[in-house]
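If you want the building blocks of each chain, they are given just below.
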Amino acid sequence: MMRGNRTLTIGISLVAFSLMMFLLSFIWTPYDPLEINPELSLTSPSWSHWMGTDENGRDILSNIVLGSRATLITGVLAVVICMLLGVTIGIATAMSPKWVESPAIFGTDIVLALPTVLFAIVLAAVYGPSTYTAVFAIGIALSASVAQVTRREVNVILLADYVTAARASGSRNLRIVRTHVLPNLRASLFVQASGASAIAILAESTLSYLGLGTPPPDPSWGRMMASLQQYLIIDPIFPLWPGLAILITVLGFNLLGDGLREALDPTLRRDVE
Amino acid sequence: MTELLRAHALSRTFKLPRAGLRSERSVRRALVEMNLTVNEGDRLGIVGESGSGKTTLARLLLGLDIPTSGTVSFLGETLPLSDMRRFRRQVQVVFQDPRSSLNPRMSVEDIVLEPLECLAVDEPHSARIDEVLTSVGLSRDMRTRYPHELSGGQRQRVAIARALAPRPRLLIADEPVSALDVLVRDEILALLANLTENLGLTMVLISHDLSVIARLCDDVVVMQNGVAVEQGKTVDVFRAPSHPFTKTLIASVPRLPEPS
Amino acid sequence: MTLLQVRNLTIRFGRKVVVDDVSFDLDAGERLGIIGESGSGKTLTSLAVIGLLPEGAVVDGSIVFDNVEILNRSDGQLSSIRGNHIGMVFQEPLTALNPLMRVGKQIAQPLRIHRGMRMKAALARATELCERVGLPDPERIVRSYPHQLSGGQRQRIGLAIALACDPSLLIADEPTTALDVTVQQEVLNLINELVREQGSALMFVSHDLPVVSMMTERVAVMRSGTMVELATVSKLFGGARHEYSQMLVRAARQSDDEFVRISEGGHR
Numbered sequence: 001m002m003r004g005n006r007t008l009t010i011g012i013s014l015v016a017f018s019l020m021m022f023l024l025s026f027i028w029t030p031y032d033p034l035e036i037n038p039e040l041s042l043t044s045p046s047w048s049h050w051m052g053t054d055e056n057g058r059d060i061l062s063n064i065v066l067g068s069r070a071t072l073i074t075g076v077l078a079v080v081i082c083m084l085l086g087v088t089i090g091i092a093t094a095m096s097p098k099w100v101e102s103p104a105i106f107g108t109d110i111v112l113a114l115p116t117v118l119f120a121i122v123l124a125a126v127y128g129p130s131t132y133t134a135v136f137a138i139g140i141a142l143s144a145s146v147a148q149v150t151r152r153e154v155n156v157i158l159l160a161d162y163v164t165a166a167r168a169s170g171s172r173n174l175r176i177v178r179t180h181v182l183p184n185l186r187a188s189l190f191v192q193a194s195g196a197s198a199i200a201i202l203a204e205s206t207l208s209y210l211g212l213g214t215p216p217p218d219p220s221w222g223r224m225m226a227s228l229q230q231y232l233i234i235d236p237i238f239p240l241w242p243g244l245a246i247l248i249t250v251l252g253f254n255l256l257g258d259g260l261r262e263a264l265d266p267t268l269r270r271d272v273e
Numbered sequence: 001m002t003e004l005l006r007a008h009a010l011s012r013t014f015k016l017p018r019a020g021l022r023s024e025r026s027v028r029r030a031l032v033e034m035n036l037t038v039n040e041g042d043r044l045g046i047v048g049e050s051g052s053g054k055t056t057l058a059r060l061l062l063g064l065d066i067p068t069s070g071t072v073s074f075l076g077e078t079l080p081l082s083d084m085r086r087f088r089r090q091v092q093v094v095f096q097d098p099r100s101s102l103n104p105r106m107s108v109e110d111i112v113l114e115p116l117e118c119l120a121v122d123e124p125h126s127a128r129i130d131e132v133l134t135s136v137g138l139s140r141d142m143r144t145r146y147p148h149e150l151s152g153g154q155r156q157r158v159a160i161a162r163a164l165a166p167r168p169r170l171l172i173a174d175e176p177v178s179a180l181d182v183l184v185r186d187e188i189l190a191l192l193a194n195l196t197e198n199l200g201l202t203m204v205l206i207s208h209d210l211s212v213i214a215r216l217c218d219d220v221v222v223m224q225n226g227v228a229v230e231q232g233k234t235v236d237v238f239r240a241p242s243h244p245f246t247k248t249l250i251a252s253v254p255r256l257p258e259p260s
Numbered sequence: 001m002t003l004l005q006v007r008n009l010t011i012r013f014g015r016k017v018v019v020d021d022v023s024f025d026l027d028a029g030e031r032l033g034i035i036g037e038s039g040s041g042k043t044l045t046s047l048a049v050i051g052l053l054p055e056g057a058v059v060d061g062s063i064v065f066d067n068v069e070i071l072n073r074s075d076g077q078l079s080s081i082r083g084n085h086i087g088m089v090f091q092e093p094l095t096a097l098n099p100l101m102r103v104g105k106q107i108a109q110p111l112r113i114h115r116g117m118r119m120k121a122a123l124a125r126a127t128e129l130c131e132r133v134g135l136p137d138p139e140r141i142v143r144s145y146p147h148q149l150s151g152g153q154r155q156r157i158g159l160a161i162a163l164a165c166d167p168s169l170l171i172a173d174e175p176t177t178a179l180d181v182t183v184q185q186e187v188l189n190l191i192n193e194l195v196r197e198q199g200s201a202l203m204f205v206s207h208d209l210p211v212v213s214m215m216t217e218r219v220a221v222m223r224s225g226t227m228v229e230l231a232t233v234s235k236l237f238g239g240a241r242h243e244y245s246q247m248l249v250r251a252a253r254q255s256d257d258e259f260v261r262i263s264e265g266g267h268r
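Chains as they are written, first to last, in this note's numbering: chain P, 1 to 273; chain Y, 1 to 260; chain B, 1 to 268.
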């Protein structure tokens, strides 16, 4: 199934890299990321500090490692929320009678039209910025698109003769969902989840950049980018590090999603005549 | 003679989606005032081309769709019955394309088990699965196979086994051999003929293929554009068709050259 | 005059051999049928002749059309033959036509490519062709989109496209299988007529023996990639040599007899 699927391999490697940083953050960082050393403020990369230090003299590398937590936790949690919510709404809408389906589609469209960030700003304004407001906002915003894609896919599955046959065999909706819809939806869900992860991570970085995500002192790549940006003149490499970290992680998840789609789809279609 | 299924003034109209911004929606009359009676032991054929309404009729007779007007009754009771499971235990269906009528992710065993579980069939399921697989000419070790591991003919046999598992009285077969290779068609038709005889099964066979109808059905209904244009004993209708459409249909059957 | 010479045609996908050592000739104006069930390799054989095999197909052997070797020729060289000297009609009229282009324009395409006609002239010729394939109200049809036409009409358009440049060979792959039986007869008669008028050779691929026997004089029987028999229609029905051909003939006879019994109340 995965013979020579370069996209998938690269995707997996990049995601694995981020995951390793995440795991590493629990065991060891080169320095204490939160330790302030004003005398070391804004030093360029050196042998003692590979990525340099920020304006508070904190080791950037250690902060990048620790920052992976906020990013990945937000990413994963947001995706869990959006998938659970989105798939449930998608399946329920697809299997509802027309008079329920139409307003539901309309509602989904409205949520879809709302920019994630705007939604998060509203939530942050009400509940104050935190990792969890970010998770919640991103999860809900993404669930709309998951719901829409899922609904369309379920509608296609429902057209299959074997679903009609199941009804003729006495199966009722819940059983049809369990036995026929979900198994055939699996591949699409994997792909959607990967894609949603990439968006969630990017969204978290954006929110943090705007100050609406993980509040200080806990590091977050987005916020790091925002604060280090001001010191471009001193050394352009400073904001590059968190930017690179975001880029690698988002790219990784995107490629993972694409690679999965490539790997899973043709296998499904391969028919032994 | 027990009347099993009856369609009375059955009509089904579909509203087509709006084209553009016009406010009126056009309708498609899939079935118009259809009257049909299926008695126990009948082998009824329904002949028509695409768009004739035959599939719509099948779905209505199976209670898988609700008529726009008119009724379908089973043993005198109008559908939908309060206990649809009782209906489904007695009226089953085989579809045209075994590639799409079997869930590719379910094993043969799961596929045949489904109706037994859903319809709460009151006998040991595993033994019944073996029994019905044997009756359609499949061996017991097929249970663990998946549809993509089977040939077209074998898949259709599985579909038939699934339909027969709850021991129905009536089997509706919608183009059961059209998607199969020519040589395999013969086997499946022979199987259906045998089963209807041995199990005393009543059968409604839908097909566009007149030779299939000729082989298996004693009575026939000819449909065109949602209307039954001619009905009667197969021999009578084929020998002396009265409706022009029936005549055209019969004349269109490709014939073999005379043997040299 | 031999128009097409296929010698030892072998087609492989990876290690799987799907067409195995197939050879046959086709003379100018001759009508050959290729009959087989699904997986017999009949469609791939016809695609090989027009040089339209799918990606990943490894081909061996030789196909010579009008003294030109077809196999392993570049797409550029083949495209001057396709639609020009060899025309092809496919099974599914709905997918063989571009849903976003008016049918007149689609018929005009081969005329513009191969005959260098300007759009206006090509469309005029397209209208003529629509009339020739028996479509009523050709001016309206030419401006229509595929989804506005019936299956039978679409297949006629497919024929018009295939025959636009007066090809010397028409390949028809299950052209009527997706059509209703009543329409099937009309389209088959049409193919017969046009091929005869133009003097083109016909390669008719199908699984339906009665249809093939009606449309062709010689039949090649294929099974699992091999050509098991090559005989005239009368010889095939009179006494086929290969067991498989006999089975096919028997099955067709049985259906036919059944039908005769019911509709005429007697045997032949």
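Do not rely on the hints blindly, as some may be mistaken.
[As the list claims (entries may be wrong)] Straight-line distance between alpha carbons at most 20 Å, and here's what the computed EDC-like set of lysine to aspartate or glutamate pairs gives:
1. B:Lys16 / Y:Glu33
2. B:Lys235 / B:Glu264
3. Y:Lys247 / B:Glu264
4. Y:Lys233 / B:Glu264
[As the list claims (entries may be wrong)] So, partial list: chain Y residues that the calculated Cβ filter (under 7 Å) puts toward chain B:
5. Asp186
6. Ser211
7. Pro254
No wet-lab data here; the hints were simulated from the structure. Beta carbons are placed, not taken as given, at the ideal position from N, Cα and C, and that holds for glycine.
Here's how the hints hold up against the structure:
As the CA atoms of Lys16 (chain B) and Glu33 (chain Y) are separated by approximately 54 Å, the hinted pair breaks the 20 Å bound. Our distance criterion of 20 Å between C-alpha atoms is broken by Lys235 (chain B) and Glu264 (chain B), whose separation comes to about 26 Å. A C-alpha spacing of about 13 Å is found between Lys247 (chain Y) and Glu264 (chain B), which places the hinted pair at or below 20 Å, so the restraint holds. A distance of roughly 14 Å separates the Cα atoms of Lys233 (chain Y) and Glu264 (chain B); the hinted pair therefore holds under the 20 Å criterion.
Contact between Asp186 (chain Y) and chain B, as hinted, is supported at the beta carbon level, the nearest pair being about 5 Å apart and thus within 7 Å. Against a cut-off of 7 Å between C-beta atoms, the interface hint on Ser211 (chain Y) holds, since the closest Cβ of chain B lies about 4 Å away. For the restraint placing Pro254 (chain Y) at the interface with chain B, the shortest Cβ-Cβ distance is roughly 4 Å, inside the 7 Å limit, so the hint holds.
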